[in-house]
Structures are given as C-alpha cells and as structure tokens.
Amino acid sequence: MLLEVKDLQVAYGAISAVKGVSFGVDEGEIVTLIGANGAGKSTILKTISGIVRAKAGSVLFAGAEITQTAPHDVVKMGVCHVPEGRRIFANLTVRENLLMGAYTRSDGDAIKGNMERVFQRFPRLKERLSQPGGTLSGGEQQMLAMGRGLMASPKILLLDEPSMGLAPILVQQIFDIIQEINQSGTSILLVEQNANMALSVANRAYVLETGTISLSGPAAELRANAKVQEAYLGEAGALA
Amino acid sequence: MDLNAQIVYFLQQVINGIQLGSVYALIALGYTMVYGIVRLINFAHGDVFMVGAFAGFFAVSVLGLSFLPAIILAMIVSMVLGVTIERLAYRPLRRAPKIAALITAIGVSIFLEYFTSLNFVFGPNYRTFPRPFEVTSWNIGGVAISNILVIILGVSLFLVVALQLFVTRTKVGIAMRAVSFDHDAARLMGINVDTVISITFAIGSALAGAGGVLFAIAYPQVDPFMGIMPGLKAFVAAVLGGIGIIPGALLGSLIMGQAEVLTTGYVSSTLRDLVAFGILIIVLLVRPTGLLGKSGVEKV
Chain D
60 MLLEVKDLQV
70 AYGAISAVKG
80 VSFGVDEGEI
90 VTLIGANGAG
100 KSTILKTISG
110 IVRAKAGSVL
120 FAGAEITQTA
130 PHDVVKMGVC
140 HVPEGRRIFA
150 NLTVRENLLM
160 GAYTRSDGDA
170 IKGNMERVFQ
180 RFPRLKERLS
190 QPGGTLSGGE
200 QQMLAMGRGL
210 MASPKILLLD
220 EPSMGLAPIL
230 VQQIFDIIQE
240 INQSGTSILL
250 VEQNANMALS
260 VANRAYVLET
270 GTISLSGPAA
280 ELRANAKVQE
290 AYLGEAGALA
Chain Y
24 MDLNAQIVYF
34 LQQVINGIQL
44 GSVYALIALG
54 YTMVYGIVRL
64 INFAHGDVFM
74 VGAFAGFFAV
84 SVLGLSFLPA
94 IILAMIVSMV
104 LGVTIERLAY
114 RPLRRAPKIA
124 ALITAIGVSI
134 FLEYFTSLNF
144 VFGPNYRTFP
154 RPFEVTSWNI
164 GGVAISNILV
174 IILGVSLFLV
184 VALQLFVTRT
194 KVGIAMRAVS
204 FDHDAARLMG
214 INVDTVISIT
224 FAIGSALAGA
234 GGVLFAIAYP
244 QVDPFMGIMP
254 GLKAFVAAVL
264 GGIGIIPGAL
274 LGSLIMGQAE
284 VLTTGYVSST
294 LRDLVAFGIL
304 IIVLLVRPTG
314 LLGKSGVEKV
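Protein chains in written order, with the working numbering: chain D, 60 to 299; chain Y, 24 to 323.
Excised from the complex, chain D in its bound form (with noise of 0.2 Å):
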C-alpha cells in the first residue's frame, strides 16, 4: 500500500469527526471516499496531511509512518493535498501561486518542466500568469488548485472536492484531467459528494457515514449497489 490509513480517530474538541476508519490507496489506483456533509471526509484528508492531528490511529506513507508529521515534512515525502474551496492565494498572482506548489523544490529546471506540464494540461493558466489568483473564475481557481498541487511532483494526490460549485461542463472535464493526472502515474485518493462521477473514474471506493466506514468495494459494484443508489447517485446521477 502506497498510503494506508489504519484505524483512524479523529476528534474535534468534545465531538468526534473520525470514529476508527481504515482503507488504504495502492500505486497508481485512484480511490474515492464518498458520503454526505459532515460524514468525515475532509477530516480524514487532512489528517493525513497534517493540518489536523490524529486522536487514535495512525497513518502511513510508502511504509513509514506520518502520523505526526509536520505537514510541510509531509508534503516532501510527496503526499499533496489539494483543498476543499480550492485555497488560491488570492493575494498572490497565477504564477506565483504555481511556484509556491514546488517550494519543496529546489531544482529550477525541474520547476520549469513542471510548469510547462501544468500549462500543457490547463492551458488556460497560461494565458492568466500575471493575474492575481482571486480574479479567475470558480473553473479556473480549480485548475489552479490542482495545477499547484502538481508542481510538487506529488506521489498521491489528495483532492477535496475538485466539483464543487462548477458548472457540469467543468466537472467532466475536471474529472477527465484527474483520470489523466493518474494514468501519467499519479496515485489519487479523491473525496466527492458527486458520488457518480467519482464512482466512474475510481477503482476502488468507500463509503463514509458519520465518521466510520459503511460500505466498500470496487468502484463499479458500488455504483450498481441499491443502498448506494439510493443514498448518493439519486440525485447526482439525475445531474450527470
């Protein structure tokens, strides 16, 4: 398992967001975890990043154990959390915001090849370099986000979900870059509310339901799951 998540607690003061969830992603798989607000999901994301810290449980990358790890140690190993809102530097501009995703980075040249993949993939970045990243469009902070997220040159990344609040158009064509992001060989663990869409890229997928796993299998079968049905691709599914 490249990321394994064992056993997971976490508890925001007196209330308890995370009730002991365990899953793992291998290399090259896309997994999603699926469930409503409030289910966990972000939690767990950030967890395994660092920003928030484990109550009980551990999480492990690549075999070694980050559980209290500095976030920014953590995004070394090249781990890559991409937030939920998408978190652009509004202050600061395209450009800018795409050299802060490889400040673990030292090689220039590296930086400079992976700014140019960046701009292969969402060439609309390109063209808005010198803008401050708060003046680009919900679709195109989006890009940035994930944009960013690369620039590390990350091993897995984690997306939060990278539909939120986009037009459908861009939600498809968000899903079929992350699809390409993982077929150059980039693991993904992504968190969705869009169950369907998500369930249609992943491999694997779990369910989350207040804060502990209630389903989990191959993406397909879920989809063709009733309970899934029922309870995440009514609506979604009547959207896609």
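In case anyone wonders, no lab produced these hints; they're calculated from the structure.
Values in this document were obtained by computation on a predicted structure and should not be read as measured data.
Even for Gly, the Cβ is constructed at its ideal location relative to N, Cα and C.
One or more of the hints may lead you astray.
To be verified - Sample of chain Y residues at the chain D side, in silico, Cβ under 8 Å:
| # | residue |
| --- | --- |
| 1 | Arg200 |
| 2 | Ala201 |
| 3 | Phe204 |
| 4 | Asp205 |
| 5 | Met212 |
Said to hold, decoys possible - Okay, derived cross-link-like pairs now, DMTMM-like style, lysine to aspartate or glutamate, Cα gap no bigger than 20 Å in a straight line:
| # | chain 1 | residue 1 | chain 2 | residue 2 |
| --- | --- | --- | --- | --- |
| 6 | Y | Lys194 | D | Asp132 |
| 7 | Y | Lys121 | Y | Asp205 |
| 8 | Y | Lys194 | D | Glu175 |
| 9 | Y | Lys194 | D | Asp168 |
| 10 | Y | Lys121 | Y | Asp207 |
| 11 | Y | Lys121 | Y | Asp217 |
| 12 | D | Lys214 | D | Glu239 |
| 13 | Y | Lys194 | D | Asp166 |
| 14 | D | Lys135 | Y | Asp217 |
| 15 | D | Lys135 | Y | Asp207 |
| 16 | D | Lys78 | D | Glu268 |
| 17 | D | Lys214 | D | Asp166 |
| 18 | D | Lys214 | D | Glu88 |
| 19 | D | Lys171 | D | Glu186 |
| 20 | D | Lys114 | D | Glu63 |
| 21 | D | Lys65 | D | Glu268 |
| 22 | D | Lys65 | D | Glu86 |
| 23 | D | Lys114 | D | Asp66 |
Knowing the structure of chain D, use the given hints to seat chain Y on it.
Same frame as chain D, now just chain Y:
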C-alpha cells in the same frame, strides 16, 4: 513674510516631514508585516526600535564604528531581539485568543522599557547620540538640505526597495505573502509557517533597528522610552495606510510625517501629537481598513 519666504518655509517643512516620515516608514513596515502574517499588533515593536538606536549608540560611542557598520550592527541586534520575542512570547500563544497575544505584546513592551532602564543595562538617562559623521548642509534656493536628510532618505529608500524585491521576487518572500493570506493553505504547499513567521519578525525588527539609528542621528538622543512615541505614530501610519499592506505603511508614514511637521510649523508643536492620534481616530471611524485597504478581506 513675503511670498517667496513663505514658499521656502513651506518647502523646508515638507522636507523635514519627508525625513520624519521616512523613519516612521521603517518602523511601520514591521508593524504591518507582522500584522499581515499573524494578525498581531506587536506593541513591543517601538521598543525594538529603541534597542536598535542603543545598539547604534554603543557601536559608535564604544566600538567607534562608522555609520554603515553601526547601522548594520543595530539591524542585527534588533533582528535577534525581534525573533527572540516572537519565539518566547508569541509563538506559545499562536492558538490562544488574539487578545492574549496582544496583552503579551504590551507586557513585552513594558518589560523592555524598564529592563533597559536598569543601571546595568542602558540606564534610565538620556544620552546624546554621537553623530558618526560631520553634519553639513546645502542651501538650495533658501531651503536647507542636510546630509542627515540625504542619508535618511537614501537608507530608507534602499531598504524599502530591497524589501519590495524580497517579497515579490524571492521564494521566501512570496511564501510570506502566501502565509499572510492563508496559513493552512501555505502549510499544504510545504511551507514551514513558523519559519516564515520568524523571518517576518527578523525583517521587520531589522528595519526598526535601522529606523532607530536614523532617528537617533536626526534627533541625537537616546533613552529607554524613546520608542514609545515613534512606535505609536508608526502604528497610526500603518493603520492609516491599511494595516497588513506594505505600500500602505509607506503612504501612511509619509502622510504622518507631513501632518506632524506641518502642524508644528504652522500651528503649534503642542498640537503635534493631538493631530497624529486624531488621524487614528478619524481613520478608525471613517475608513477602518485604511487608505489602501479593501473592506472585507479579513480571512477567517
């Protein structure tokens, strides 16, 4: 006074205002950078300025250094002090309510003032700052331009340009702006936020130290309480320009310098401080985000 004399008098005041405003700018930059990055009004900042002035004083009077090494030494001493204050007093309170850090800042300020007043430290008395160079002055159309003014303007301009290049052209400088916008997002980029905060205190404090030496050269006296007034006025300047905004600190400082000097020159020196703090009250009432501030940008 005839018209010509009045114009000369006015220009002289404006030039004096630029000189004072430049020193305020060096202090205000530290206030605004620290606020931008940790949302803390570092009330001990004026005392870092004072320690910088004393470091310059000892560098010149005891070590016999000339101006440039003296100001560099003062910047280093202030930098170490600022970083130490952050490490010992503010960092443990990073997750505490903002008011705790604010009260701590006031405590650090009072501590520095009274600790340095002890006889075995700087002592409570005023001391005359020995100028490390001869003062000369040129008469340009009746307006006196001293080499002190030239040096103050030159050093301030150099430091401000250097700062601007740092925050726009270097990786750490850009990271500083990223951290000021969103700590957690910066962490996710692999930025060590604590290190960036330390660097911010280091730069802000070094600028204040340089300001301390320049202030002491212009108004050649040092004492442990000399940081209070310039510190408060630079704070007003930072608020006037828009706290957290680097160009705002410059603009606010130049306005403050003019307001003070013109009040002294045309009204009365006793009203000088009244005008300075009157500006603060008016800004807070009319435009709390400052001249260059956008409303509603405060991140939660």
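(request) Could you tell me which of the numbered hints above are not met by this structure, giving the numbers in increasing order? (result) Violated: none.
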